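*Asks:* Make a model of the complete structure from these sequences and hints.
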Amino acid sequence: MAAPFNRRHAVQLGAVIVGGWALGRVVLRTDPNARDLGQSSAVERILGGAGLPTSGPANASVRLAVFTDYLCPACRRAFPAMEGAVRSDGDVRIIYKDWPIFGPVSERAARLALASDEQGIYPAVHRQLMSGRRINDDGMLQKVVTDAGGDWKRAMAYMMTHEQIIAARLYANGQDALAIGLAGTPGYLAGSKLAIGAISEGALVELFARARRAG
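The numbering used here puts the first residue of the sequence shown at 2, with every later residue one more than the last.
Simulated from the structure, these hints should not be mistaken for laboratory data. Hints may contain errors.
Taking lysine to aspartate or glutamate pairs in the DMTMM-like style, the calculated list, with each CA pair at most 20 Å apart, reads [what the hints assert, rightly or not]:
(1) Lys154 <-> Asp138
(2) Lys154 <-> Glu119
(3) Lys144 <-> Asp177
(4) Lys154 <-> Asp139
(5) Lys154 <-> Asp92
(6) Lys144 <-> Glu119
(7) Lys154 <-> Glu164
Here the structure is a predicted model, which means the values were calculated and not measured.
*Replies:* Next up, the structure:
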């Protein structure tokens, strides 16, 4: 069951939305400017990826947790760079941490994306939501699911019957983001190295190298 949303959480979320908006206006950076978080329990929990969508080799030498929002301008701007860096490296496992901080539309998209994981199409859905037109209604979400090879009615049914599980997962993602000091999206946790904001493909490649050196 999802944890209760109290005033403290509302204040935290308000600050995050402001931070997310600010990060969303940042251009792609060429320096990852990563912080080393060490081997904290939060880092271990996040990189464990329990119950979350993933892609890439299960035994990859780098695990990359990506905190994103489908309406976040910086997330969308940086997405091709992330895909390019992961593809060129070939030894990175992505852990997707949907963190919808831009309002009800982004939360609806995140819930639908998580529901699509049951059909094994989350990475394809995620890619379309990040790179296609901005979502504004269920008609667009339906097209995203069907274009990814999924069944819309099945996804909707799963989202409804597993509503509390999905809500709890999104809440946990938000708590994990706050635990490692994220003030908005996107955030990239590669091993113990955390980079924040829109960074270039080269900067992500460097982030992976730093994670391996610290490994």
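*Asks:* Run every hint past the structure and note whether it holds.
*Replies:* Each hint tested on the structure:
1. Distance check on the hinted pair: Lys154 and Asp138 sit about 16 Å apart at the alpha-carbon level, within 20 Å; holds.
2. The hinted pair formed by Lys154 and Glu119 meets the criterion: a straight-line CA distance of about 13 Å does not exceed 20 Å.
3. The suggested pairing of Lys144 with Asp177 is violated, with an alpha-carbon distance near 31 Å, which exceeds 20 Å.
4. Restraint check: the Cα-Cα separation between Lys154 and Asp139 comes to about 12 Å, which is no more than 20 Å; the hinted pair holds.
5. Distance restraint check for Lys154 and Asp92: the Cα-Cα separation of roughly 35 Å exceeds the 20 Å cut-off, and the hinted pair is therefore not satisfied.
6. Taken as a hint, the Lys144 and Glu119 pair is honoured in the structure, with Cα atoms around 17 Å apart against an allowance of 20 Å.
7. For the proposed pair Lys154 and Glu164, the alpha carbon gap of about 15 Å is at most 20 Å, so the pair holds.
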